[in-house]
Amino acid sequence: DIQMTQSPSTLSASVGDRVTFTCRASQGISSWLAWYQQRPGKAPKLLIYKASSLGSGVPSRFSGSGSGAEFTLTISSLQPDDFATYYCQQYNTYPWTFGQGTKVEIK
Amino acid sequence: QLQLQESGPGLVKPSETLSLTCSVSGVSISSHNYYWGWIRQAPGKGLEWIGTIYYNGDTYYNASLKSRLTISLDTSKNQFSLRLSSVTAADTAVYFCGGAATISGLDYGGQGTQVTVSS
Chain P
99 DIQMTQSPST
109 LSASVGDRVT
119 FTCRASQGIS
129 SWLAWYQQRP
139 GKAPKLLIYK
149 ASSLGSGVPS
159 RFSGSGSGAE
169 FTLTISSLQP
179 DDFATYYCQQ
189 YNTYPWTFGQ
199 GTKVEIK
Chain L
1239 QLQLQESGPG
1249 LVKPSETLSL
1259 TCSVSGVSIS
1269 SHNYYWGWIR
1279 QAPGKGLEWI
1289 GTIYYNGDTY
1299 YNASLKSRLT
1309 ISLDTSKNQF
1319 SLRLSSVTAA
1329 DTAVYFCGGA
1339 ATISGLDYGG
1349 QGTQVTVSS
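So the sequences go chain by chain: P and L. Add 98 to the 1-based position in the first sequence for this note's numbering, that's all there is to it. Add 1238 to the 1-based position in the second sequence for this note's numbering, that's all there is to it.
The shape of chain P in the complex, shown without the other chains:
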């Protein structure tokens, strides 16, 4: 199985900050990577697919980059709604696998 490792596990930031998370795959997955945002008690929301394509209705402050085995998610200016947990997931190879998540907390 492909292991997905996210860093950091927790990130403390303030409204307006630019934040970047990393997701590493244990083997190459081309660009078949999605990023999700999950707020407590809610379903995961698709932010980015195919590593860099913005999901439907997702604000442009979110962007994704990378290919192969290393990927990043950037929020250009953190907003109050963005305090949540973020997961990466590879869908290059079955079984699909998620990273363990990065929790964004208020500083």
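Rather than coming from a laboratory, the hints here were simulated on the basis of the structure. Since the model is a prediction, treat every value here as computed from it, not as a measurement. Yeah, the Cβ is synthetic: ideal placement off N, Cα and C, and Gly gets one too. You may find that some hints are simply not true.
[As the list claims (entries may be wrong)] Some chain L residues close to chain P (C-beta under 10 Å, calculated; not the full set):
id: 1; residue: Gln1239
id: 2; residue: Tyr1272
id: 3; residue: Leu1285
id: 4; residue: Glu1286
id: 5; residue: Tyr1293
id: 6; residue: Gly1295
id: 7; residue: Tyr1299
id: 8; residue: Asn1300
id: 9; residue: Val1325
id: 10; residue: Ala1328
id: 11; residue: Gly1343
id: 12; residue: Leu1344
id: 13; residue: Thr1354
[Claimed, not checked] Ranges of calculated distance between the beta carbons of each label pair, as one might list FRET restraints:
id: 14; chain 1: L; residue 1: Gln1241; chain 2: P; residue 2: Tyr192; range: 36 to 42 Å
id: 15; chain 1: L; residue 1: Ser1257; chain 2: P; residue 2: Ser174; range: 41 to 47 Å
id: 16; chain 1: P; residue 1: Thr103; chain 2: L; residue 2: Lys1304; range: 36 to 42 Å
Given the coordinates of chain P, assemble chain L onto it according to the supplied hints.
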């Protein structure tokens, strides 16, 4: 616009079969190059992929669940379903259904449904 809604019993007894349905609107589940699937989240834990079914009925399952799992399409109702047999407390989780064009990761548009396994 794709909309999904999970339904099913919130409480299942150990050793019984969990059955969940995902009702889809906005897209036909038999649309070419779409897929559908389920993930779950145990209390305080991360996301676990359960399985994926393609528009043509092809399925892929999490190996740890494969012997107990069936995911199927019901094109007449535009729904897809999950059946997980011989459940234990370890299957207690919030279950989410999702769908998308195959270029994309699944969009989990539903609210999720809490399933508790307990006698």
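Going through the hints against the structure:
no., hint, in the structure
1, Gln1239, "8 Å, holds"
2, Tyr1272, "14 Å, violated"
3, Leu1285, "5 Å, holds"
4, Glu1286, "7 Å, holds"
5, Tyr1293, "16 Å, violated"
6, Gly1295, "16 Å, violated"
7, Tyr1299, "8 Å, holds"
8, Asn1300, "5 Å, holds"
9, Val1325, "20 Å, violated"
10, Ala1328, "17 Å, violated"
11, Gly1343, "3 Å, holds"
12, Leu1344, "7 Å, holds"
13, Thr1354, "16 Å, violated"
14, L:Gln1241 with P:Tyr192: 36 to 42 Å, "26 Å, violated"
15, L:Ser1257 with P:Ser174: 41 to 47 Å, "44 Å, holds"
16, P:Thr103 with L:Lys1304: 36 to 42 Å, "25 Å, violated"
Of the numbered hints given earlier, the model fails hints 2, 5, 6, 9, 10, 13, 14 and 16; all others are met.
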